[in-house]
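Going down the list, the sequences are from chains A and B.
Read in order, the letters of the first sequence are residues 1 to 345 in the working numbering.
Read in order, the letters of the second sequence are residues 1 to 287 in the working numbering.
Please note that a few of the clues may not be correct.
To be verified - In silico DSBU-like pairs for lysine-lysine, Cα to Cα no more than 35 Å straight-line:
1) K78(A) / K262(B)
2) K159(B) / K207(A)
3) K109(A) / K277(B)
4) K277(B) / K262(B)
5) K322(A) / K6(A)
6) K186(B) / K130(A)
7) K109(A) / K130(A)
Stated by the list, open to error - Residues of chain B placed beyond 12 Å of chain A at every Cβ, according to the derived structure:
8) F4
9) Q56
10) L59
11) V66
12) I97
13) V128
14) V131
15) F132
16) Q139
17) I150
18) L156
19) N178
What the hints assert, rightly or not - Derived list of chain B stretches under chain A, where covered just means 3 residues or more per stretch with a C-beta under 8 Å from a C-beta of chain A:
20) 108 to 120
21) 225 to 236
22) 267 to 278
Derived from the structure by calculation, the hints contain no laboratory data.
Even glycine gets a Cβ: it sits at the ideal position worked out from N, Cα and C.
Letter by letter, the chains look like this.
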Amino acid sequence: MAAFEKRRLWLAVLAALALAFPLLVTNGYYLHMMTISFIWMIAVYGLNLFAGYTGYLSLAHAGFFAVGAYTLGILTVKVGLPFWWAFVLSCAFTSLLGLVIGLVALRTKEHFFAIYTLCVGYIIYLVIDKWDSLTGGVRGFIGIPAPGDIGPLSFQTPIAQYYLILFFLFAVMFVMYRLVDSLTGRTYIAIRNSEELALTLGISTMKNKLASFVLSVFFTSLAGALYASFIRFLGPDIAYVTVMFDFLTYLLVGGIGTLAGPVVGTLLITFLSQQLQFLQDYRMLIFGPVLTLLIIFYPHGIAGGFIRYQAKRAEVRRLEQKANQTAAELAASHQGRSERHVEEG
Amino acid sequence: MELFIQQLLNGLTVGSVYSLVALGLTLVYGILHIPNFAHGALYMMGGYVTLTAMSQAGLPYGLAIVVSMVAVGLLGVLMERLVFYPLRDAPPLHDKIAAIGILLFLEAFAQFVWGADYQTMPTPYGNVITVFGLTLTVQRILIIASTVVIMILLYLFLKKTFIGASIIAMAQSREGANLVGINTNKVAMMTFLLSGGLAALAASLASPINLVFPGMGHLVILKAFVIIILGGMGSIPGAIVGGYILGFSESLGATYVSNDYKDIIAFVILVIILTVKPNGLFAKEGH
Chain A
1 MAAFEKRRLW LAVLAALALA FPLLVTNGYY LHMMTISFIW MIAVYGLNLF
51 AGYTGYLSLA HAGFFAVGAY TLGILTVKVG LPFWWAFVLS CAFTSLLGLV
101 IGLVALRTKE HFFAIYTLCV GYIIYLVIDK WDSLTGGVRG FIGIPAPGDI
151 GPLSFQTPIA QYYLILFFLF AVMFVMYRLV DSLTGRTYIA IRNSEELALT
201 LGISTMKNKL ASFVLSVFFT SLAGALYASF IRFLGPDIAY VTVMFDFLTY
251 LLVGGIGTLA GPVVGTLLIT FLSQQLQFLQ DYRMLIFGPV LTLLIIFYPH
301 GIAGGFIRYQ AKRAEVRRLE QKANQTAAEL AASHQGRSER HVEEG
Chain B
1 MELFIQQLLN GLTVGSVYSL VALGLTLVYG ILHIPNFAHG ALYMMGGYVT
51 LTAMSQAGLP YGLAIVVSMV AVGLLGVLME RLVFYPLRDA PPLHDKIAAI
101 GILLFLEAFA QFVWGADYQT MPTPYGNVIT VFGLTLTVQR ILIIASTVVI
151 MILLYLFLKK TFIGASIIAM AQSREGANLV GINTNKVAMM TFLLSGGLAA
201 LAASLASPIN LVFPGMGHLV ILKAFVIIIL GGMGSIPGAI VGGYILGFSE
251 SLGATYVSND YKDIIAFVIL VIILTVKPNG LFAKEGH
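Start from the sequences, fold in the hints, and give me the full structure.
Written out as C-alpha cells, the structure is:
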C-alpha cells in the first residue's frame with residue numbers, strides 16, 4: 001500500500017512538472033521539442049499496447065500514423081470540414097482501416113504477421129507518395145489549419161497547443177492504465193504469453209487481438225492527427241519505415257510492455273538526439289547498435305529493468321524479513337528452553 | 001508482340017536478381033527460422049563494396065564481385081555470431097527487432113562512409129546488342145546467365161557436398177541434425193556466409209542497371225519476403241520460381257497497368273496470398 005501511495009505521489013509530481021513546463025521554460029524551441037515528443041509518446045503507446053501487451057510486432061504503425069495525419073489534412077483542406085469534425089473523422093477512418101487490415105492480418109502469426117504488416121506499411125507509403133492529386137506526393141501537403149476553438153478555448157499559440165496535446169497524452173495514459181489493470185489487459189498478456197493456452201482457457205483470441213489492434217491503431221492515428229495540426233505540413237516520409245523504427249527504438253529503450261516505457265524512452269531519445277545534433281543522419285550509427293545491444297542484453301528497457309530490480313529487491317527484503325523472523329523465533333524458543341532449564345535446575 | 005517479349009526479357013533480368021536475394025533469405029529462414037530483416041542491408045553493402053573495389057582498388061568487375069561476395073559473406077557470419085547466436089533462445093519478437101537494429105546501423109554506416117548520393121557502377125558489359133528486333137544490353141544477359149550458373153552451383157553444393165547436406169539436414173530438423181553429430185553452429189555460420197555472398201552477387205549484378213545508394217536494399221528485401229512467402233518459407237526451389245513470377249508480373253504490370261504503381265504489385269500479391277493462406281503458400285504442416 002505504501003509503495004502504491006509513493007507511486008501516486010511520483011505521478012502527481014511528474015504531471016505537475018509537465019503542466020508547469022511552459023511556465024518554467026520560456027524557450028520556444030524546447031517547448032516545440034516537448035510537444036513533438038508528447039505526440040511520439042501517444043503513437044508509441046499505441047504500438048506498446050499491441051507489441052508489448054498482446055505480443056505481436058506490427059510494422060505498419062507508421063503507416064497508420066500517416067493515414068491519421070493525411071486524413072486530417074485532406075478533410076480540412078480539400079473537403080473544408082471544421083477542424084474537430086475532421087479530427088474525429090480521421091481517427092474513426094484510420095481505426096476502421098485498422099479493423100479491416102486487422103481482420104486479415106491477424107489470421108497470420110509471428111513472422112508472417114510482421115512481414116504482412118511491413119508490406120501494408122509500405123503500401124501505405126507508396127500510395128501516399130504516388131497519389132499526387134490527393135496527397136501532394138513528394139512535394140508534401142501544406143496549409144493544414146491549427147486546432148479550431150472549442151468554446152472559449154483557442155489553440156492558436158504554441159503554449160495552448162502544448163496543453164492540448166498534453167491533455168490527449170494524459171487521456172491515452174489514463175486509458176492504458178485502466179486497460180492494463182483490467183481483465184481485458186490481463187487477457188492480452190495471456191495471449192502474449194501463450195496463445196494456445198489462452199485459447200484453451202476459453203479466451204476468444206481473435207476477438208481480443210482485433211480489439212487490441214484497433215485500439216492501438218486508434219492511439220497512433222490520434223497522434224498522427226495531432227502531428228498534422230501541430231506541424232501543419234506533411235510529407236510521405238512520415239509513413240516510411242524509418243519512422244516505424246524510431247517508434248520501436250523509443251519503446252524498447254523505455255521498456256516494452258510497461259506503462260512508463262513510452263514516456264521514458266521517448267524523452268530520453270529525443271533529448272539524446274538533441275545532444276547528438278551534429279550527427280544528423282548518422283544518429284542511427286549509434287541508435288542501431290543500441291537497439292540491437294538492448295534487445296540482447298537488456299530486453300526489458302529502462303522502465304522494465306527498473307521494475308524487475310524493484311521486484312527483486314522486494315523479494316530479497318521479504319526473504320530477509322522472513323529469515324529475521326525465523327531467527328527471532330528460534331532465539332525466543334531457545335531462550336524459553338534455557339529459562340526452563342534454569343527453573344528445572 | 002515485340003513489346004511483350006521485351007518485357008518478358010526484362011522480367012527475366014529483374015526476376016534473376018530477386019531470386020538471388022530471396023535464396024539467401026530463404027536459406028537463413030530455413031536454418032534459423034528468423035526473418036532476417038537486415039538482409040537488404042547486406043544487399044546494399046554488396047553494391048558498395050563492389051563499387052569501392054572497382055573505383056578505389058582498380059579491380060576488374062569480375063574480381064570486384066568476388067571480393068564483395070567474400071566480404072559481405074563474412075559480414076553475414078559476423079551478424080550471426082554477434083547478434084543471432086546470443087538470441088537463439090529469445091522470444092520471436094527479439095531477433096526481428098535486433099535485425100532491424102542491424103539494418104539501421106548498416107544503412108547509417110553506408111551513408112557515413114560513402115555519402116547519401118546515388119552512384120553509378122560502371123560495367124564493362126554496357127554495349128547494346130540487337131537480336132530479332134529486340135534490343136538488350138550485354139549486362140542483362142550477364143545477369144540472367146550468371147544467375148542460372150549460380151543456381152546450378154548452389155544446387156550441386158547442397159546436394160553433392162557434405163556441408164550442403166548438413167545445411168539441408170539442419171533445415172529439416174535442428175535437433176535431428178544435432179543428434180547425428182552435425183555441428184549446428186558451423187552450419188549456421190556457413191548459411192550466413194552463403195546468404196551474404198548471394199546478396200552481394202545480386203547487388204553487384206543489378207547495380208549497373210540500377211544505382212547504388214544507402215536505401216537500395218529496402219524495396220528489394222521487401223520483395224524478397226514476398227517471394228519466399230510465395231514460394232514457401234525456407235524452400236529453395238520456391239525462392240527461385242517465386243523470384244521469376246514476381247519479376248514477370250512487375251515488368252508486365254509496369255507496361256500494361258501503370259509504371260507508377262509497379263512496386264505495389266508485389267505487396268498486393270502478398271496481401272492476397274496471406275489473406276487466402278495465412279501460413280503462406282505451401283506451408284509445412286505440424287511445424
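Here is how each hint holds up against the structure:
no.	hint	result
1	K78(A) / K262(B)	holds (28 Å)
2	K159(B) / K207(A)	violated (46 Å)
3	K109(A) / K277(B)	holds (11 Å)
4	K277(B) / K262(B)	holds (23 Å)
5	K322(A) / K6(A)	holds (24 Å)
6	K186(B) / K130(A)	violated (46 Å)
7	K109(A) / K130(A)	holds (30 Å)
8	F4	holds (25 Å)
9	Q56	holds (21 Å)
10	L59	holds (28 Å)
11	V66	holds (28 Å)
12	I97	violated (5 Å)
13	V128	holds (30 Å)
14	V131	holds (34 Å)
15	F132	holds (35 Å)
16	Q139	holds (27 Å)
17	I150	holds (25 Å)
18	L156	holds (30 Å)
19	N178	holds (23 Å)
20	108 to 120	holds (count 5)
21	225 to 236	holds (count 4)
22	267 to 278	holds (count 7)
In summary, the numbered hints that this structure violates are 2, 6 and 12.
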